[in-house]
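Student: In order, the protein sequences belong to chains A and B.
Quick note: the first sequence uses the numbering used here, first residue 1, plus one each step.
Quick note: the second sequence uses the numbering used here, first residue 1, plus one each step.
Everything labelled a hint here was simulated from the structure, so no lab data went into it.
None of these values were measured; they are calculated from a predicted model.
Don't take each hint at face value.
[What the hints assert, rightly or not] Heads up, incomplete: computed chain A residues facing chain B, CB under 8 angstroms, no partners named:
| # | residue |
| --- | --- |
| 1 | 142 |
| 2 | 226 |
| 3 | 227 |
Virtual Cβ for every residue (Gly too), placed ideally from N, Cα, C.
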Amino acid sequence: MRGGARVPSVAGMTTTHRLAVITGASRGLGLALARGLAADGYHIVADARDGGALRAALAGLPLVTAIPGDVADPAHRAELARAAGELGGADLLVNNAGTLGTSPLPALADYPVDELRAAFEVNVLAPIALTQLLLPGLRARGGAVLNVTSDAAVEAYAGWGGYGAAKAALEQASNVLAAEENVVRVWWADPGDMRTAMHQDAFPGEDISDRPLPSAVVPALRRLIAERLPSGRYRAADLLPASPPGAAPASVTVLTGQA
Amino acid sequence: MLTDFALPPELAAHEPAEARGLPRDGVRMLVSRRRTGQIGHHAFGELPDLLLPGDLLVVNTSATVPAAVRIGGALTVHFSSPRPDGAWLIELRERRGGATVPFGGGEEGQELGLPGGAVLRLEHRVTARLWRARLSTAVLPYLLRHGAPIRYSYVPRDWPLESYQTVFGTAPGSAEMPSASRPFTPDLVTRLVARGVTIAPLTLHTGVSSLEGDEEPYPEPYDVPPATARLVNLTRAAGGRVIAAGTTVVRALETAAANGGGVTASAGWTSLVVTPGSGLRAVDGLLTGLHEPRSSHLLMLAAFAGDELLDRCYAAASAGRYLWHEFGDVHLLLP
Numbered sequence: 001m002r003g004g005a006r007v008p009s010v011a012g013m014t015t016t017h018r019l020a021v022i023t024g025a026s027r028g029l030g031l032a033l034a035r036g037l038a039a040d041g042y043h044i045v046a047d048a049r050d051g052g053a054l055r056a057a058l059a060g061l062p063l064v065t066a067i068p069g070d071v072a073d074p075a076h077r078a079e080l081a082r083a084a085g086e087l088g089g090a091d092l093l094v095n096n097a098g099t100l101g102t103s104p105l106p107a108l109a110d111y112p113v114d115e116l117r118a119a120f121e122v123n124v125l126a127p128i129a130l131t132q133l134l135l136p137g138l139r140a141r142g143g144a145v146l147n148v149t150s151d152a153a154v155e156a157y158a159g160w161g162g163y164g165a166a167k168a169a170l171e172q173a174s175n176v177l178a179a180e181e182n183v184v185r186v187w188w189a190d191p192g193d194m195r196t197a198m199h200q201d202a203f204p205g206e207d208i209s210d211r212p213l214p215s216a217v218v219p220a221l222r223r224l225i226a227e228r229l230p231s232g233r234y235r236a237a238d239l240l241p242a243s244p245p246g247a248a249p250a251s252v253t254v255l256t257g258q259a
Numbered sequence: 001m002l003t004d005f006a007l008p009p010e011l012a013a014h015e016p017a018e019a020r021g022l023p024r025d026g027v028r029m030l031v032s033r034r035r036t037g038q039i040g041h042h043a044f045g046e047l048p049d050l051l052l053p054g055d056l057l058v059v060n061t062s063a064t065v066p067a068a069v070r071i072g073g074a075l076t077v078h079f080s081s082p083r084p085d086g087a088w089l090i091e092l093r094e095r096r097g098g099a100t101v102p103f104g105g106g107e108e109g110q111e112l113g114l115p116g117g118a119v120l121r122l123e124h125r126v127t128a129r130l131w132r133a134r135l136s137t138a139v140l141p142y143l144l145r146h147g148a149p150i151r152y153s154y155v156p157r158d159w160p161l162e163s164y165q166t167v168f169g170t171a172p173g174s175a176e177m178p179s180a181s182r183p184f185t186p187d188l189v190t191r192l193v194a195r196g197v198t199i200a201p202l203t204l205h206t207g208v209s210s211l212e213g214d215e216e217p218y219p220e221p222y223d224v225p226p227a228t229a230r231l232v233n234l235t236r237a238a239g240g241r242v243i244a245a246g247t248t249v250v251r252a253l254e255t256a257a258a259n260g261g262g263v264t265a266s267a268g269w270t271s272l273v274v275t276p277g278s279g280l281r282a283v284d285g286l287l288t289g290l291h292e293p294r295s296s297h298l299l300m301l302a303a304f305a306g307d308e309l310l311d312r313c314y315a316a317a318s319a320g321r322y323l324w325h326e327f328g329d330v331h332l333l334l335p
């Protein structure tokens, strides 16, 4: 993503580790991306609600700071920002933590409004608030924000009204942020269907073993970050190489589909 | 001595080429070649024939924002550059006879009322001209609504923002137009592509003019993406030439090459000033406008042409009645 320009002047240029803040990193895409970025040399500041699971998941990564907590909690967000600041500031913020909301997925006609509000807290307001806290540092380093979204934000899947509406709000917030920030890259990326706990919650009792593992999506997101592609909306499937070295073709072809 | 030449007022471009009855790519182009010391007179439209297949033209995608805001007391604020913490460098100007001149006033902590109910708080003076200041609302959206393009006294009237955009400008952020790219048209770009010239983008948002000789440079945000860094290195390895469209492109590429070993993709803030002493690590040629006496840009040009040839270029441009400034003619400095 960048060549180590942590300070304004060329004379003072240093090459220290880049820092990525990733929310929801105890499992699924967040964990897979944390591993991928750690392999790219990033120091990872990660959170998840379950501290035990988070520490167990991230054990073995070379440079990692685990901060358990709920992204919807302002004090926890401040703690993340403080940790990033103490490490010299973030180069990348990945707003990955999200909630499906009520499971099984209710129709909007029956959606409990309090649960809908809670889903918007986690999926929309928390990423915006965390972005606000980290923006000064991201600006200083020409950094980037990656918001994880879903095709449920743009397609009308019955039952996905709560999650989809929240992700649509996150997408438009990303879109406007990209127009307002002229130094920071802003991407919102749809990873496609994946074999994750969230996806299983959306289809309780169904066999989702045909969906690709989140690790199959990571090369797409690493490319987005490493190439510093222009701000905008991306589908992970579009970013994967035509014939990825060492990857089974099947893992690519199943990346399209709903949610 | 190039730092001392006097620029006659009639050699300033007072209006866009289109207003002079020319297409954008109809401006003139002085061409100098360092290897032979030759100077030639061309039309900008000849650029595809002057470059070679395999050359790489690097362009700045920064678009111009309407960075001048008129306020009461006959003052105008020029918003120059953002600071990472959300403050901005700004210049206060006094409106006089249809133009503006530098305004020496202002006090630390002073709050200025701007149109639309915004308040600009002066924090402290950074240079003789520039203040560090903070606006009560987000600056870019505010400028899009209330600002006008920055204009100096040699341009007697306002022109719409479109007159200050280049064909490559996609990322709003420059207080003044990256003007070397102004003559490019879609047709000319097509002819460059057909010629076999490759074009690669970078971004550097430039602040208000131009780092004058007696002023410390202030940092500007830049971004050299990996794909462009690769193309620069590939082009030079293959014996092609890297031609910068504008001094901003030189600044960004030389910053990204400052660690040696070619250009490394990087983004951040740069205060680099390119001079004959600093040399050039990444760029072989430069397309640029004609610059003011005593500006630090002339030092950068000397890094490409050497003092003797650059002196002759400016003498030739002056004798040939070339037009200076952002709406004027251009100068192609080839190796």
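Student: At a threshold of 8 angstroms, is the proposed contact between residue 226 of chain A and chain B supported by beta-carbon distances?
Tutor: holds, 7 angstroms
Student: Minimum Cβ distance from residue 227 of chain A to chain B below 8 angstroms?
Tutor: holds, 5 angstroms
Student: Under 8 angstroms, Cβ to Cβ, is where residue 142 of chain A needs to be relative to chain B, so tell me if that hint holds or is violated.
Tutor: holds, 3 angstroms
Consistency with the previously given hints is maintained throughout, with no hint failing.
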